[in-house]
Amino acid sequence: MKKLYFLSVFLFACLLNTHAQSAEDSVKATVRKMFFAMMEADGAMLQDCFTENAIMQTITTNKEGKLVVRTDSVAAFVRQVSNLPKGLADERIVFDVVKVDGPLATVWTPYQFYRRADFSHCGVNSFQLVRNNDKWRIQYIIDTRRKTGCSQ
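Residue numbers (this note's numbering): 1046 to 1197.
Do not rely on the hints blindly, as some may be mistaken.
Said to hold, decoys possible - Derived DEER-like restraints, expressed as beta-carbon distance ranges:
hint: 1; residue 1: Asn1107; residue 2: Lys1180; range: 31 to 39 Å
hint: 2; residue 1: Ser1067; residue 2: Arg1124; range: 28 to 36 Å
hint: 3; residue 1: Lys1111; residue 2: Ser1071; range: 35 to 43 Å
hint: 4; residue 1: Ser1071; residue 2: Arg1124; range: 26 to 34 Å
hint: 5; residue 1: Thr1193; residue 2: Ser1071; range: 28 to 36 Å
hint: 6; residue 1: Asn1107; residue 2: Leu1149; range: 30 to 38 Å
hint: 7; residue 1: Thr1103; residue 2: Phe1164; range: 15 to 23 Å
hint: 8; residue 1: Asp1141; residue 2: Val1175; range: 34 to 42 Å
hint: 9; residue 1: Asp1179; residue 2: Ile1104; range: 16 to 24 Å
hint: 10; residue 1: Lys1192; residue 2: Asp1117; range: 15 to 23 Å
hint: 11; residue 1: Ser1067; residue 2: Lys1111; range: 29 to 37 Å
hint: 12; residue 1: Ala1089; residue 2: Arg1160; range: 19 to 27 Å
Said to hold, decoys possible - Below, simulated DSBU-like cross-link-like pairs (lysine-lysine); rule was C-alpha separation at most 30 Å, straight line:
hint: 13; residue 1: Lys1180; residue 2: Lys1111
hint: 14; residue 1: Lys1144; residue 2: Lys1192
hint: 15; residue 1: Lys1192; residue 2: Lys1078
hint: 16; residue 1: Lys1073; residue 2: Lys1144
hint: 17; residue 1: Lys1180; residue 2: Lys1078
hint: 18; residue 1: Lys1192; residue 2: Lys1111
hint: 19; residue 1: Lys1108; residue 2: Lys1192
hint: 20; residue 1: Lys1078; residue 2: Lys1111
hint: 21; residue 1: Lys1144; residue 2: Lys1078
hint: 22; residue 1: Lys1144; residue 2: Lys1180
Keep in mind that the hints were calculated from the coordinates and are not lab data. All C-beta atoms in this analysis are idealised placements derived from N, C-alpha and C, irrespective of residue type, glycine included.
The task is simple: from the sequences and hints, build the whole structure.
Now the structure itself:
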């Protein structure tokens, strides 16, 4: 009887682990899709990665050297990317942290951005994703951008 109990507990734990991995994989797939859409200059694919009321922000420094959080609209971002030549926007990411709790996911991705083969800048993206109708979409993204301290 003890063996059956421990086997049941072990199988249940394995099932939970498999579910968490598949949720993480789905979250990563949405983030990868966003960067693929940027590289392909595919506005429709890019728009599909975001919720209807998503927020995009960038932490930057203004001309006076003060830290500024700039908010951009997803629609403007999609329009801008759609007008780029295919292959121009090449953002190379590394998945550092992916956390999932039910319908909420957090992703932290250090990145290097290239315009074709030319290095432009690096930084970190912080994503909040929401799962609705079994589909992960980006609700919030904020990033940093710098030209120094980048490992190329």
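Each hint tested on the structure:
With their beta carbons about 37 Å apart, Asn1107 and Lys1180 fall inside the hinted range of 31 to 39 Å. In this structure the hint that Ser1067 and Arg1124 lie 28 to 36 Å apart at CB holds, the actual value being about 34 Å. In this structure the hint that Lys1111 and Ser1071 lie 35 to 43 Å apart at CB holds, the actual value being about 39 Å. At roughly 27 Å, the beta carbons of Ser1071 and Arg1124 sit within the given window of 26 to 34 Å.
Between Thr1193 and Ser1071 the beta carbon distance is about 35 Å. The supplied range of 28 to 36 Å therefore holds. Checked against the hint of 30 to 38 Å, the C-beta distance between Asn1107 and Leu1149 comes to roughly 32 Å, which is consistent with it. Under the hint 15 to 23 Å, the C-beta atoms of Thr1103 and Phe1164, about 18 Å apart, fit the expected range. The beta-carbon spacing between Asp1141 and Val1175, approximately 20 Å, falls outside the hinted interval of 34 to 42 Å.
Evaluation of the 16 to 24 Å hint for Asp1179 and Ile1104 yields a failure: the beta carbon distance comes to about 32 Å. A C-beta distance of roughly 20 Å is found between Lys1192 and Asp1117, which places it inside the suggested range of 15 to 23 Å. Our hint of 29 to 37 Å for Ser1067 and Lys1111 is violated, since their Cβ atoms are close to 44 Å apart. For the pair Ala1089 and Arg1160, the beta carbons lie near 23 Å from each other, so the given range of 19 to 27 Å is met.
Note on Lys1180 and Lys1111: the hinted pairing is violated, with a Cα-Cα distance of about 38 Å set against a maximum of 30 Å. Of the supplied pair hints, the one linking Lys1144 and Lys1192 holds, its CA atoms being roughly 28 Å apart against a limit of 30 Å. Among the hinted pairs, Lys1192 with Lys1078 is consistent with the structure: their alpha-carbon atoms are about 25 Å apart, no more than 30 Å. Restraint check for Lys1073 and Lys1144: the C-alpha separation of about 10 Å stays at or below 30 Å, so the hint holds.
Distance check on the hinted pair: Lys1180 and Lys1078 sit about 13 Å apart at the alpha-carbon level, within 30 Å; holds. Restraint check: the Cα-Cα separation between Lys1192 and Lys1111 comes to about 17 Å, which is no more than 30 Å; the hinted pair holds. A C-alpha spacing of about 16 Å is found between Lys1108 and Lys1192, which places the hinted pair at or below 30 Å, so the restraint holds. Among the hinted pairs, Lys1078 with Lys1111 is inconsistent with the structure: their alpha-carbon atoms are about 33 Å apart, more than 30 Å.
With a C-alpha separation of about 18 Å, the suggested pairing of Lys1144 with Lys1078 holds against the 30 Å cut-off. With a C-alpha separation of about 16 Å, the suggested pairing of Lys1144 with Lys1180 holds against the 30 Å cut-off.
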